[in-house]
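*Asks:* Read top to bottom, the protein sequences are chains Y and H. Residue numbering for the first sequence follows the working numbering, starting at 1 and increasing by one per position. Residue numbering for the second sequence follows the working numbering, starting at 672 and increasing by one per position.
Calculated directly from the structure, the hints in this document are not laboratory data. Ideal Cβ placement from N, Cα and C applies to all residues, glycine included. A couple of the hints might just be wrong.
Some chain Y residues close to chain H (C-beta under 7 Å, calculated; not the full set) [claimed, not checked]: (1) 418; (2) 562; (3) 606.
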Amino acid sequence: MVGIFPLDIADAIIVSLMALGLMGLALQHSPHLITNIIFPLGAIASLALAATGFWALGEPVSHTVLPLGLPGLPLHLSLDPLSAFFLILLGGASFGVSIFSAGYFKSMPGNTLGLLCLEYHLFLASMALVLLADDAYMFMVAWETMALSSYFLVTTDHHVPDIRKAGFLYLLIAHVGAIAILLSFGVMQGGHGIGAYTFAAMREAHLSAFWASVAFLLALFGFGAKAGLLPLHVWLPEAHPAAPSPVSALMSGIMLKTAIYGILRVTFDLLANSLNGQQWWWGVLALALGLITAIFGVMFAAVQGDMKRLLAYSSIENIGLLLVGIGLAIIFHVYGKDTLAALSLTATLYHSLNHAFFKSLLFVGTGSILHATGERNMGRMGGLIHQMPWVAVLMLVGVLSISGLPPFNGFVSEWLLLQAFLLSPGLPNSYINMLIPVAAGVIALAAALAAYVMVKFYGVIFLGQTRGEVREHAHDAGIRERIGLSWLALACVVLGLAPVYVVRQLDLVTQMLVGKGLGNATPGWLFLAPVDMERASYSPVFFLLAVLGVMLVTALVVHYFYHGRLRRGPAWDCGYPEQTSRMQDTAEGFGQPIRRIFEPFFRIESELPDAFDTHPRYHGRSEDRLWYALYLPIKRITEKLSSWASLLQHGRIHLYLTYTFVTLLVLLAFV
Amino acid sequence: MMSTNQALGILLQIYQSLLVVALAPLLTGWVNQCRAWLQNRSGPGVMQPYRTLRKLFHKDAVMAYNASLLFRATPYIRFGCMWLAAAIIPIIAVDLPFSPAADVIALVGVFALARVFIALAAMDIGTAFGTLGARREMLVSFLAEPALLMVFFTASMISHSTQLPRIVEALAQHQFVLYPSLAFAGLAFLIVLLAENARIPVDNPATHLELTMIHEAMILEYSARHLALVEWASSLKLFAYIAIGIALFLPYGIAEVGAMAGNWGSALPLAIIALLVKLILAGAALALLEALLAKMRIFRAPEFLGTAFLLAVLGLLIHFLLGA
Numbered sequence: 001m002v003g004i005f006p007l008d009i010a011d012a013i014i015v016s017l018m019a020l021g022l023m024g025l026a027l028q029h030s031p032h033l034i035t036n037i038i039f040p041l042g043a044i045a046s047l048a049l050a051a052t053g054f055w056a057l058g059e060p061v062s063h064t065v066l067p068l069g070l071p072g073l074p075l076h077l078s079l080d081p082l083s084a085f086f087l088i089l090l091g092g093a094s095f096g097v098s099i100f101s102a103g104y105f106k107s108m109p110g111n112t113l114g115l116l117c118l119e120y121h122l123f124l125a126s127m128a129l130v131l132l133a134d135d136a137y138m139f140m141v142a143w144e145t146m147a148l149s150s151y152f153l154v155t156t157d158h159h160v161p162d163i164r165k166a167g168f169l170y171l172l173i174a175h176v177g178a179i180a181i182l183l184s185f186g187v188m189q190g191g192h193g194i195g196a197y198t199f200a201a202m203r204e205a206h207l208s209a210f211w212a213s214v215a216f217l218l219a220l221f222g223f224g225a226k227a228g229l230l231p232l233h234v235w236l237p238e239a240h241p242a243a244p245s246p247v248s249a250l251m252s253g254i255m256l257k258t259a260i261y262g263i264l265r266v267t268f269d270l271l272a273n274s275l276n277g278q279q280w281w282w283g284v285l286a287l288a289l290g291l292i293t294a295i296f297g298v299m300f301a302a303v304q305g306d307m308k309r310l311l312a313y314s315s316i317e318n319i320g321l322l323l324v325g326i327g328l329a330i331i332f333h334v335y336g337k338d339t340l341a342a343l344s345l346t347a348t349l350y351h352s353l354n355h356a357f358f359k360s361l362l363f364v365g366t367g368s369i370l371h372a373t374g375e376r377n378m379g380r381m382g383g384l385i386h387q388m389p390w391v392a393v394l395m396l397v398g399v400l401s402i403s404g405l406p407p408f409n410g411f412v413s414e415w416l417l418l419q420a421f422l423l424s425p426g427l428p429n430s431y432i433n434m435l436i437p438v439a440a441g442v443i444a445l446a447a448a449l450a451a452y453v454m455v456k457f458y459g460v461i462f463l464g465q466t467r468g469e470v471r472e473h474a475h476d477a478g479i480r481e482r483i484g485l486s487w488l489a490l491a492c493v494v495l496g497l498a499p500v501y502v503v504r505q506l507d508l509v510t511q512m513l514v515g516k517g518l519g520n521a522t523p524g525w526l527f528l529a530p531v532d533m534e535r536a537s538y539s540p541v542f543f544l545l546a547v548l549g550v551m552l553v554t555a556l557v558v559h560y561f562y563h564g565r566l567r568r569g570p571a572w573d574c575g576y577p578e579q580t581s582r583m584q585d586t587a588e589g590f591g592q593p594i595r596r597i598f599e600p601f602f603r604i605e606s607e608l609p610d611a612f613d614t615h616p617r618y619h620g621r622s623e624d625r626l627w628y629a630l631y632l633p634i635k636r637i638t639e640k641l642s643s644w645a646s647l648l649q650h651g652r653i654h655l656y657l658t659y660t661f662v663t664l665l666v667l668l669a670f671v
Numbered sequence: 672m673m674s675t676n677q678a679l680g681i682l683l684q685i686y687q688s689l690l691v692v693a694l695a696p697l698l699t700g701w702v703n704q705c706r707a708w709l710q711n712r713s714g715p716g717v718m719q720p721y722r723t724l725r726k727l728f729h730k731d732a733v734m735a736y737n738a739s740l741l742f743r744a745t746p747y748i749r750f751g752c753m754w755l756a757a758a759i760i761p762i763i764a765v766d767l768p769f770s771p772a773a774d775v776i777a778l779v780g781v782f783a784l785a786r787v788f789i790a791l792a793a794m795d796i797g798t799a800f801g802t803l804g805a806r807r808e809m810l811v812s813f814l815a816e817p818a819l820l821m822v823f824f825t826a827s828m829i830s831h832s833t834q835l836p837r838i839v840e841a842l843a844q845h846q847f848v849l850y851p852s853l854a855f856a857g858l859a860f861l862i863v864l865l866a867e868n869a870r871i872p873v874d875n876p877a878t879h880l881e882l883t884m885i886h887e888a889m890i891l892e893y894s895a896r897h898l899a900l901v902e903w904a905s906s907l908k909l910f911a912y913i914a915i916g917i918a919l920f921l922p923y924g925i926a927e928v929g930a931m932a933g934n935w936g937s938a939l940p941l942a943i944i945a946l947l948v949k950l951i952l953a954g955a956a957l958a959l960l961e962a963l964l965a966k967m968r969i970f971r972a973p974e975f976l977g978t979a980f981l982l983a984v985l986g987l988l989i990h991f992l993l994g995a
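Using the sequences and the accompanying hints, generate a full structural model.
*Replies:* What follows is the structure, given as structure tokens:
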């Protein structure tokens, strides 16, 4: 009897996602059908994908060979615990985003919506295929489909020149990265000829230490370009604000994780044979790059005035944290400390999952705000908690989660990561032993700065007095948007409250990658204790109940023994009579201390008005030095090279005929 | 069936948290009184914070027209967080049943949660002072929080655990051995304590001068019971920080539940007396420090706190290098 494998189901879902996209294109003359039917169906498909991943987590690895592709080069797919975990992430987060989209895109014109629907579902399907691919060919095809479909999604508003520019930058860096990935696969294939392009063959290939390192570096570069690793991060803060908000959510929440998946796949699976004590510097490199990326991202997030750019920089920070986890896992693994490697990997995977949910939540939330106010500049918002209570409450969950505050989910993964650092002494390499405390300090700094950024984000948008005049007609999100937001917020809460259960599932993945699971020192579900109860434990449920209990008791006691009388009046503000909304901090103002403290890292352009100016205008921009120090020189060199090349190119046919003739003569001379 | 130890533990837990909540304003009063004496004033007496709280609870609350629910809920959230912190820290006894729920990293998280809420509440009304206070508070904390975490890391490296009771046990057993790493950590902790509790030289708890205030600027809009809870929570926070300092750097004399099963009649009073003596000394030292130091400009504060952060990282590094 032939049983049905999770992989078959996953294939069917991917095909149906593509079909949904095509149906969307066909239905472009009835846009309400697209938002009422196609997007909800896509959401259900996503949920089914997550369920399939969940099922596959405990099942043996399944493989399949598709009867597609070039002659002699069939396409291979497989579903192992690592793929399954990322499928859960993909399905779970995109379910919320798709439901949100069903409401969000309602007012979009039909022809744009039809195309967008196709690209959107193709994007989801290609991300799923990236996770399932079991050979280099399939992987690259899926990877490129993902890049292209997301490029078209980013440039949905292609009539805006800035958005076209952002899209081009994204496409360019995505392709530079793709070339590196392709080369990395080429190296791993080890010159064994055709047929060795499957992942199974790469696992068997015995590479010398040098070539293994080349493959690793190429993969790190290639996937780093997609993830937004420094210095390949420049596309992120351009492309994320340009894209429609649900697309930003998918890109930031999920697509960046496919790059993390790629790094994990290459390092711990394809290069597993070559990963030994000699390669400790791989881990150090990843760790150092991750730290720099994290600090850089959060520092720039603190000075942004555009809410989506702020979130994009915050994604760079989170990618940095994920890479730190991977680097730490590599270091532990090569020194044979596999339990600790499992702990770091658990933290990494957990944080991937958390980030997928809270970043999607925040990005789609900014979409609702954008619809309500038509504004991306936080300095013109304020007081939205009164007009948009639903969005405000649900985004508060996201903000608390991303700030790494207990009892929400961001805290759990940060806690696990810090535990991994604390358990690190005793590595045989004294340089690493010195690096690790410094690294822990940087992580703590990044986490604290993230709270700064998020207080700014939430406070300036939702709290305070209403700024400007457009806000009168601001309205709360519609019902579908609310459901989508609620789903993502609920996931943040559940992942925060049930870490014991999640860690147990993640054990299946770390078992596969480093051969060890984390286990839990206590049998119950109440206490998370990664190594042993004496070392560390944390119980979010207990935590939440204690705080809530005290709050409730205090409120009751105060109201019972005293009173609950409340009067409303004008704000006190030390008795100053003049209070306008312009006296509050704008996003610029709130970020000013950070700009001042980290001044050398920014390229600051500011223009202060004169004291006697009757129409004073303030203008300030904090820019990325890397753009000027690295990208513009590369651009200049490229332009110079191409201008030299154009010396040969005159567009006159007789000149080209002469070239052909001379070449022929030269070749004849050789023969 | 609960064993005697467990029952005793739960009793002690409840006793400790109630004791701390009741005693916290007294500590604030003591610090204020000491400061008054040092400044050659007669002072309002150590019971003044209780009188203030009583007065505030009786008043009618006044709230700005545009205050949201977040503003109303924050005093309760902050009070709950500080209560939880007071329940986790081993103050009179080590083996409390509540402590596994949150280790030192979670303790830092509790403080962060309370801080984020008070900063958000400060921004809720949308006054110039509120946002100014929130911004400065976050500025101070983004350096103070990692420094605190590093201090805890040093202590947990020594004791191989992030559980506060284990840390205290490990440190209490090594009678008067000076850890070089802990010396750095101790100095960093002192700076963090001053900064996080709105003390001179970073902030001044007695000021309402617009340009210098941080904590006071955030809570300007609170009145009556809300203000009372905020003030009480601040007292609790000061108490918690001093208790952490005592637990990490002067843990001698603390009671262990396991050891107390036989002779808890003598260990517990001894622990309470030891605690009171330490608190009286620490409060007086804090007042002395505040009398001697001058308030620094707000943009000197990051340098001051950066020093704390570097000291704490240095402490951790020294632990890695020397293993002590």
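*Asks:* Are any of the numbered hints broken by this structure? If so, which, sorted upward?
*Replies:* Failing hint: just 3.
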